[in-house]
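Asker: Residues in the sequence shown are numbered from 14 upward in steps of one, following the working numbering.
Hints are supplied without guarantee of correctness; some may be wrong.
As the list claims (entries may be wrong) - Restraint ranges, calculated between C-beta atoms of paired labels, are given here:
1) 114 / 71: 40 to 50 Å
2) 19 / 42: 20 to 30 Å
3) 22 / 47: 29 to 39 Å
4) 70 / 42: 31 to 41 Å
5) 110 / 41: 16 to 26 Å
6) 47 / 81: 16 to 26 Å
Rather than coming from a laboratory, the hints here were simulated on the basis of the structure. From a predicted model like this one, the values you see are computed outputs, not experimental measurements. Just so it is clear, CB atoms sit at the ideal spot from N, CA and C, and this is done for glycine as well.
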Amino acid sequence: MEKEVFFLEDLLFKSTAQEIEERYQEVLQLYAHDPEILNIAKSIKGMCDYIMKTYKEIPNPEKKLDESLYTTLYQVLKDLSITLYDLSIAEGEQIYYVLSSAYQKLNGANNLLERLV
């Protein structure tokens, strides 16, 4: 049973990582000439890559990483994925709201990961 749960968790994380990659590429294409949006998209992608790296190290007693961290990391990944999606569909004035929200989410994710990892 434990192997099945691990397999499903792994599948969930990998599919979310693939979703993030696709959304990231879409944002890069849509906003190739907007350095601010490209910068936030790259920051989000970097944070997601860091979360995936951390996920792969669980469980790790040396770093005090245990299974309870899976849910938190997954929720942060999903939230960042949704932010990339929002960047890809925002138009006009919406983009400023989405950018502001993206900066807040990145800051929150960074603060959370500093405490957890």
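Asker: Does the beta carbon distance between residue 19 and residue 42 stay inside 20 to 30 Å, or does it fall outside?
Answerer: Since residue 19 and residue 42 have Cβ atoms about 35 Å apart, the given range 20 to 30 Å is violated.
Asker: With respect to the beta-carbon atoms only, verify the hint that residue 110 and residue 41 lie 16 to 26 Å apart.
Answerer: holds (21 Å)
Asker: In this structure, is the beta-carbon distance linking residue 70 and residue 42 contained in 31 to 41 Å?
Answerer: holds (32 Å)
Asker: Is it true that residue 22 and residue 47 lie within 29 to 39 Å of each other by Cβ?
Answerer: With a Cβ separation near 36 Å, residue 22 and residue 47 satisfy 29 to 39 Å, so the hint holds.
Asker: Taking the CB of residue 114 and the CB of residue 71, does the distance hold inside 40 to 50 Å?
Answerer: The hint (40 to 50 Å, Cβ to Cβ) is violated, given that residue 114 and residue 71 are roughly 28 Å apart.
Asker: Given the range 16 to 26 Å, decide if the beta-carbon distance of residue 47 to residue 81 lies inside it.
Answerer: For residue 47 and residue 81 the Cβ distance comes to about 39 Å; the hint is violated.
Of the numbered hints stated above, those contradicted by the structure are hints 1, 2, 6, listed in ascending order.
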